[in-house]
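Student: Chain by chain, the residues:
2 protein chains.
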Amino acid sequence: MIVHQVFFWLHNPDTDLQPVMDGCRKIGSVSTAKDFSVGVPAKTEKRDVIDDSYHIALTVYFDSIPDHDVYQEHPDHLQFIADHKAKWAKVQVYDFEV
Amino acid sequence: MIVHQVFFWLHNPDTDLQPVMDGCRKIGSVSTAKDFSVGVPAKTEKRDVIDDSYHIALTVYFDSIPDHDVYQEHPDHLQFIADHKAKWAKVQVYDFEV
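Quick note, the sequences are listed as chains A and B, same order. Under UniProt numbering, residues 1 to 98 are what the first sequence spells out, in order. Under UniProt numbering, residues 1 to 98 are what the second sequence spells out, in order.
Where hints are given, some of them may not hold.
Once the Cα atoms are required to be at most 16 angstroms apart in a straight line, the calculated EDC-like pairs of lysine to aspartate or glutamate come out as [what the hints assert, rightly or not]: (1) A:43 <-> B:97; (2) A:43 <-> B:22; (3) A:85 <-> A:35; (4) B:43 <-> A:97; (5) B:85 <-> B:22; (6) B:46 <-> A:73; (7) A:90 <-> B:16; (8) B:85 <-> B:16; (9) A:46 <-> B:69.
If you're looking for bench data, these hints aren't it; they were derived computationally from the structure.
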């Protein structure tokens, strides 16, 4: 399975957290996605190895890289980026196979 | 649910990838963990936002922060760290609530 793990840092989380999370939920439902989750930093004890500076964690699961590739180019995904990219300061992606 | 997402960068992946992955699989089975997966970077198309420089992605799922805290202090987890920490150059953790 392919795990597409995305972290978003927002310019203005106070106003933009909910709209971007709502957008994440919409694109998580793109047909080739097997499953998805949208989260925020958990209040685990702070440790040097933990990065909790991001605002949103989007995880999308795919059966294969081709399924992931369809998602990347899906109109709903491109619309999500167009609608929200001005709101994020940084995006970090980790794609891994489990 | 609490997602404990860990990325490991190894000094010598050629020799140490399998032992550390095996260790990850062992600690993923600690009793308070709801589920876990151990992965490696997927061969998705390279993009500026993707970090594929790590060697292992360990994801452990918990029902609650107290369950996560039990795992952190579990003898199997502490033994894993003692056995393998010399092998990793960097560890990065993202804990998030979904």
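Student: It remains to establish, for every hint, whether it holds in the given structure.
Tutor: Hints, one by one, checked against the model:
1. A:43 <-> B:97: With a Cα-Cα distance of about 8 angstroms, the restraint between residue 43 of chain A and residue 97 of chain B holds, given a limit of 16 angstroms.
2. A:43 <-> B:22: 28 angstroms, violated
3. A:85 <-> A:35: Violated - the C-alpha atoms of residue 35 of chain A and residue 85 of chain A are around 23 angstroms apart, more than 16 angstroms.
4. B:43 <-> A:97: Holds - the C-alpha atoms of residue 97 of chain A and residue 43 of chain B are around 8 angstroms apart, at most 16 angstroms.
5. B:85 <-> B:22: 14 angstroms, holds
6. B:46 <-> A:73: 15 angstroms, holds
7. A:90 <-> B:16: 32 angstroms, violated
8. B:85 <-> B:16: 11 angstroms, holds
9. A:46 <-> B:69: With a Cα-Cα distance of about 12 angstroms, the restraint between residue 46 of chain A and residue 69 of chain B holds, given a limit of 16 angstroms.
Going through the hint list in order, the structure does not satisfy hints 2, 3, 7.
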